[in-house]
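J.: Spelled out, the chains give:
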Amino acid sequence: MSEIPSELKYADSHEWAEALDDGLVRVGISDHAQEQLGDLVFVELPEEGATVTRGEACAVVESVKAASDIYAPISGEVVAINDQLDDSPETVNSDPYGDGWLFSVKPDDASELDELMDAEAYGEHLENS
Amino acid sequence: MTRKTPLFDAHEAAGGRMVEFAGWTLPIRYGSLVEEHRAVREKAGVFDVSHMTVVDVRGSGARSALRRLLANDVDRIREDGQAIYGCMLDDEGGILDDLITYRIEDGFYRLIVNAATREADLAWMRERLADDDLALTERDDLAMLAVQGPLARAAVAECMNAPVLESLKPFRAVVHGDLFIARTGYTGEDGCEIVLPNGLAADAFAALLDAGVVPCGLGARDSLRLEAGLNLYGQDMDTTTTPLESNLAWTVAFEPADRDFIGRAALEAQREAGVPRRLVGLVLGAGGIPRAGARVLTADGEGVVTSGGFGPTVERPIAMARIPAGTATAVEVELRGRRLPARVVKLPFVRGGKILDGVLDD
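Residue numbers (this note's numbering), protein chains in the order written: chain A, 1 to 129; chain B, 1 to 362.
In isolation and in its complexed conformation, chain A is listed as follows (with noise of 0.2 Å):
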């Protein structure tokens, strides 16, 4: 059973979201999104400063096979990027909840994440999926 923070936010496309104290809200994709795609060996960030708007393509992905799209959970500019990820794109894999974060957003509106399911609502939606 792959793992699933109470404390995060999850989009239905398996990226997860967490409200930091200042306001910020730092992105990244589920265990289960990991465990499917496998051995991360390339991820692609937006640029810090690049707008995202939420549900669409903004980074992406690639393991060994196959390159897969991830959709921004909330919109907002983007203001740090884990550039870790440059040099060991398998940190995703190994602590995606982690090391392992994608980019970190200065949301434009911080109450669209209550329309992102929590820990319970996510799991119900990977038992049904």
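Keep in mind that the hints were calculated from the coordinates and are not lab data. Quick reminder that beta carbons are idealized off the backbone N, C-alpha and C, glycines included. Heads up, a few of these hints could be off.
[Claimed, not checked] Derived coverage of chain B by chain A (criterion: at least 3 residues anywhere in the stretch with Cβ under 8 Å from a Cβ of chain A; other residues may be distant):
hint : stretch
1    : 19 to 33
2    : 216 to 230
3    : 303 to 312
[Said to hold, decoys possible] Footprint (simulated), chain B over chain A, 3 or more residues, beta carbon under 8 Å:
hint : stretch
4    : 35 to 48
5    : 64 to 70
[Unchecked claim] A few chain A positions that, by computed beta-carbon distances, are all more than 10 Å from chain B:
hint : residue
6    : D12
7    : G55
8    : E120
Take the given structure of chain A and dock chain B to it, following the hints.
T.: Relative to the frame of chain A, chain B by itself:
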């Protein structure tokens, strides 16, 4: 309705993630694709390749029929058990399939053809060999395991009680009881392919796993063959390409000149006029991973990536690409709207566990 191999239950028990491939249900990977890939480069891995089609050709007309059917010449086989690799062409020189042909004994050949082309191959053979004195038998009763890696042959010798493997030369096969064991493969490493009755496959697979051989899926099979520069039919070649455009000129036996194989006239015409395209290796730096279908821009014109991915052994994005004939050594690959520089290199990228010279020179 997809077909299951005799190892279906064993794959599920080993944690295989099953996918559909060429009409069959097979594991794409069990755990980590990269670990499976490395197991084959460094130790030994086993693949279920029971989807491959085994066709036996027997009869007094077999030899002459195969000399007409195949672009390689079965008369290059000098001893029983020896194999040749080559293509079956259409009249225009387009590749219908690539296959290995073993001569088991006089008048008895075994062909191993691709799963995806099974129906078309058999129909073509039945049509073109209708007047020959031979029998074509598809061997649905046989399964096939590929055991690959530097320790593979020793593991098979031990598990199958077949010490004869220690002295088996490359591209040779032996009949060992119910097993047909060949020193061939699709990974760029030493190893064997074992053709065996369906009913024996599960026990053989289990014995290999017990001996420490790592089960490997289609994903690692693809990344290994890509690094080894081995073409995949339907992807790197098909009926719109000739062997001369597919890095397979070495498999076409133009000598003796009086052997009139199917497609010969077309290949001679293309050779005479100049082969317009070549299949090459590409190595990229950072910035993305080339995938099949990506455009390749060269000084000689535009080409296309036929197979691409990340090479777990070379640790670089790599590809096979068909580009216009010429001398270009620096090209660009278009990925998601950007153009990334790539170097043209000679294939393969990896052989016998070693990265070849020139692949990593940045």
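J.: Each hint: holds or not?
T.: Here is what the structure says about each hint:
1. 19 to 33: Coverage by chain A holds here, the residue count being 4 at a Cβ distance below 8 Å.
2. 216 to 230: holds (count 3)
3. 303 to 312: Since three or more residues must qualify, the claim that chain A covers the stretch 303 to 312 of chain B holds, with 3 doing so at under 8 Å.
4. 35 to 48: holds (count 5)
5. 64 to 70: With 4 residues close enough to chain B, the hint holds.
6. D12: 21 Å, holds
7. G55: Holds, since 19 Å exceeds 10 Å.
8. E120: The assertion about E120/A holds, with a minimum of 26 Å to chain B.
The structure fails none of the hints (numbered hints given earlier).
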